[in-house]
Structures are given as C-alpha cells and as structure tokens.
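J.: Could you put the whole structure together from the sequences, leaning on the hints where they help?
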Amino acid sequence: MIHAPYIRKPASVQRLMGLVLLALLPGIAAYVYTVGAGILVNLAIATGTALAAEALVLALRKRPVAIALSDLSAVLTAWLVALCFPPITPWWLTMIGVLVAIVIAKQLYGGLGQNPFNPAMVAYCTAIVAYPALMSQWPPVGGMDFGTQLGLILGGARDIDGLTGATALDALRSGLHAGAGPVDVLRQGPAFGFLGGSGWEWIALGYAVGGLFLLAARVITWHMPAAFIATLALVSGLFWLFDAARFASPLFHLASGGAMLAAFFIVTDPVSGATTPRGKLIFAAGVALIAWIIRNFGAYPEGIAFGVLLMNLCVPLIDMKTQPRVFGHRGERR
Amino acid sequence: MNIQQFRELAHNGLWKQNTGLAQLLGLCPILAVSTSMVNAVSLGLATILVMALANLAVSALRSYIPYEIRIPVFILIIAALTTVVDLSFNAYFHDLYLVLGIFIPLIVTNCIVLARVEAYAAKNDPLTSTLDGVMMGLGLVWVLGLLGGIRELLGAGTLFSGIEMIVPSLSAWNVFGDDYPGFLVAMLPPGAFITLGCLIAAFNTINAKLAERTRQHPPTAPASTDAEPAGVN
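Respectively, the protein sequence lines represent chains A and B. Quick note: to get our numbering, add 43 to the position in the first sequence (first position is 1). Quick note: to get our numbering, add 56 to the position in the second sequence (first position is 1).
These are calculated hints, taken from the structure and not from any lab test. Any given hint could turn out to be false.
[Claimed, not checked] Among chain A residues calculated to face chain B with C-beta under 10 angstroms, some are:
no. : residue
1   : Leu83
2   : Ile139
3   : Val143
4   : Leu155
5   : Thr169
6   : Val172
7   : Ala173
8   : Phe285
9   : Ala288
None of the values given here were measured: they were computed from a predicted structure. A virtual CB, placed ideally from N, CA and C, is assigned to each residue, including glycine.
T.: Next comes the structure, spelled out in structure tokens:
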C-alpha cells in the first residue's frame, strides 16, 4: 500500500529488506551487549543456510537464482529465525528452522510474495513443537561467556541446568501454576528485571527503536504495531486490574518475550499479513489476543508465533470483509 | 480374464489410480496410523482383506441388489466383513489390535472401500472385482508403508518398531543410533500432511516425466495392435 507523499524512487524489494535489516541492528547490538556474542554465530549460520537453501530450491525450480538471492528476503527470514531461537541453540536446530522457513514455508508455496504463512513463525512453531526442551533453554543475561555459548551452539554437552534458565514469561507461568506465590513475589526472582526479563528489556527497547525507524522511513504503517501493542496492553491491563496477583502487568507483557520484535518486525510482514488498513488493525489485534491467551493459559513459553499463524489463516477473510470504500461510491460495506 | 486385463488392473491399483496418491481417498486413516511403518502396513493389510472380500461379495450379489438402495446394502456388507477382520485381529494379533484401536472398525467408513464397490464391483464379475480390491489395497499398502517409514525414520530414528507384535522374534531397527534427538513434528499430524504432500509431488513429477517421454518416444506399434481387437468386448 502506497501512501502520500509518494516516493519517487521505486521501492525495490532489496531496498525495503535492507532497511528492515538495518532496523534490526539496534536490537541485535543490545542483544550482543547484554546476552553475549553467541547470537552473532547463530545469525551467521542462519544466513548461510538460508542463502544456500534458497539458491538450491530456485535452481530446482529453474528460476533465476542471482536476482532472488540479492533481494535480501532470505537473509531477513534467516535473521528473524535466529532472533526468535535461543542464542545457544545448537547449530543443527538453527539449520532445521531455516530450512523449514525457506523451503517449506516460502518456496514450496511459490517463493517471495506467495507464502500464506510467516516463514520465520512456521520455523519457530516447528522447532518448539519438535524440541520443546532445547527451545526453552535460555542463557542468563551476562551470566555465560562467549566460549560457553559457542560450545553449546557447536553441539557441546547440554547437561546445563545450572547454566541456563527459563525466560521471564516461562518462570512466571510455571511459578503461578505451581502456586509459588502471587506475581509480585515471583517477580523478585533472578529472571526478572525492571520491566520484563532481566536484561531482555534492553533488547526489546532496541527492537522498538528500530521499529520507530521503520515507521519514519515508511517501510511499515502504524496500524499493525499500534493495534498489536494496544491490544496486548488492553487485555493484559484489564486482567491485571481485575487480579494483580495472578496476571502480570501490561508493561511486563510488552517488555518480555518477543512482543517488541513481533510488533514491528513480524506481524508487519507484508506478504502473509492483512493488506487493507482496517484489516491490518484486526490482524495485529488478533495476534496480540491469541499471544496473551497462550502466554497465560497455554503450555508453551511464548504464544506470538501461534497467534501469527492462526491469524495468517484468517487473512483472506479479513481482507475480503474490510475492502475500503472506493472514493465516489456510496459507503456500502459488504 | 487375460493377461492384458490383469496388467491393467495392477497398473491402475498400484500406480495410475493409487488411492493414496492419485484418488486421495481414505486420507483419515492414512494420516492417522502412519506414525510407524508396522502400524501403517498392518492397517493397510486389514484394508486389503476388507476390500477384496467386499468386492467379491458385492460382485457376486450384484444382480440381487436393488439399484435404489444399493448404498445401504453395500455398507451393510462392508460392515459385516470389517467386523470379521476386526475380531480376527483381536484374536490373533491382540497387541497390534490395541495399537490400531478404532481404526480397524473405521475401515467401514473408509470411502475407498465403498468407492471400489460402487465404481467397480457392482459392474464387473467376481474374479476381476476381487483382483481390483486386492490391487487397490496393495496400492494403499505401499503408500502407507512408505509414509509410515519416512515419518518413523525422521521422527524417532527407527524402522519396524512394533514388529514384535506380529513376529515376536524380531525387534525394531535403530537406524541412527541411540543419540538421535528425534524430530517430533514428523510424528505429529502436521508431519503426516507435509510428508504426504511431498509424496504426491514426487508422484506427479514422475508422471509428468513419463508423459514427456511417451510424447518424445511414442510406444511401438506391436503393443497397440495386440490390444485393439481384444478391447472391443
């Protein structure tokens, strides 16, 4: 969707993808600063796998390889996969995730622009369903040096219960299920920081900064991030006011897990998301609602990925029901 | 029945009209029990039994079944035969019966059985009808076996797990060794859909290649002259 004032320079796929990659850098920088450089290794593994898989499938499909590789879309998918996975994910799991994203979720449906599901989220869901234990081991912030992280990525022995911990979301939910105390008490635990997960809130801030840059550069419109954040804040705020001992505050929900990454980089995927302005609001609100429900009542540590896939399924219906009125015609909404 | 007819029946059942890959009938049991090769092939064998017997019975009785109520009659015949197979499994392969559970009685509702009865057995003589049931069933079995094998290999790293339920002296083959981490998605319903999709894609690719080759090298004359006079009747 193009908005006035119109850009004279044609917005090529390569330029858009490049800007999104650029916007991810503040978040990645915060990630490296607070958690460690292991994520850079994962990003490199994911990028290499994505480019190789994309080239291979394109060659099999007898499509031009060089053009599709240089549009950076595979690199963006790879980065999103790596950023959703724990930074100490073993190399083969990162590769499986990227292969699922590129080969199954993207190319088998027809390649760039044809995929009905968000490839990075398909990868995340596949990995968390297949390897729930590995996908739930996150390093404590600042508590694991680069050598240890590298060793774990390269397949080192993982009897590391002492080294890794649950994320803030995970710790909160399992604490509540076990009846270990109300939210206030649980949040004194080591996994928690000022707002969300200890240290992870700075990464969330980095993603938010990058997201604001994307908004300013008009790569994305305000609808999806605004609807996502507002819905998550609204629904968590209502339940928090209702019972603060059992439900975490809106700020906690916004600052922990993948909320900021999702708000600006994942629900805003132009291919698999809704395209009409009102449709974008409904889509992002639905993702936030499902994510909050899974976070509070589900069995998985994070629900955004499932929310995105479920709402991806609804996109054709949403788009059909939210066609904007054509200028000059009576406002007869079908 | 001559050899030409037999070859056509076999080709239709095993490849051209394959129930799993071309007709896509009876997908529910195909997807549900193909978590391991032994489960898949066992249910496939049970289905062959039912299909062969149902085709034989319906074909033999076809002139006595009123056209208007043929479907309920077919279903009654199929249900009776399925009960026989169900009870036999319970008696002779009790462990396997417990694993396959509801899917053996559900052969009654498997649309491939009714489809062959209605489309073939109700119009042909008992011998060819029985053969049609067997061939269609064999087509189902090899697809089920392949699907179950792929899913079991990816998901658990084994092959033939559960074989001891049929032949007590055998045991499962641990292909990738004990430290294979498994790939649970392959065992879950999404893995069934994705794997079957890949198999259908491969099936279509092979068919396209074969069609391309036939177009470039048309079949030689003797085969067609042989078939033509016989095909009149």
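J.: What hint numbers does the structure not satisfy?
T.: Hints 1, 4, 8 and 9 not satisfied by this model.
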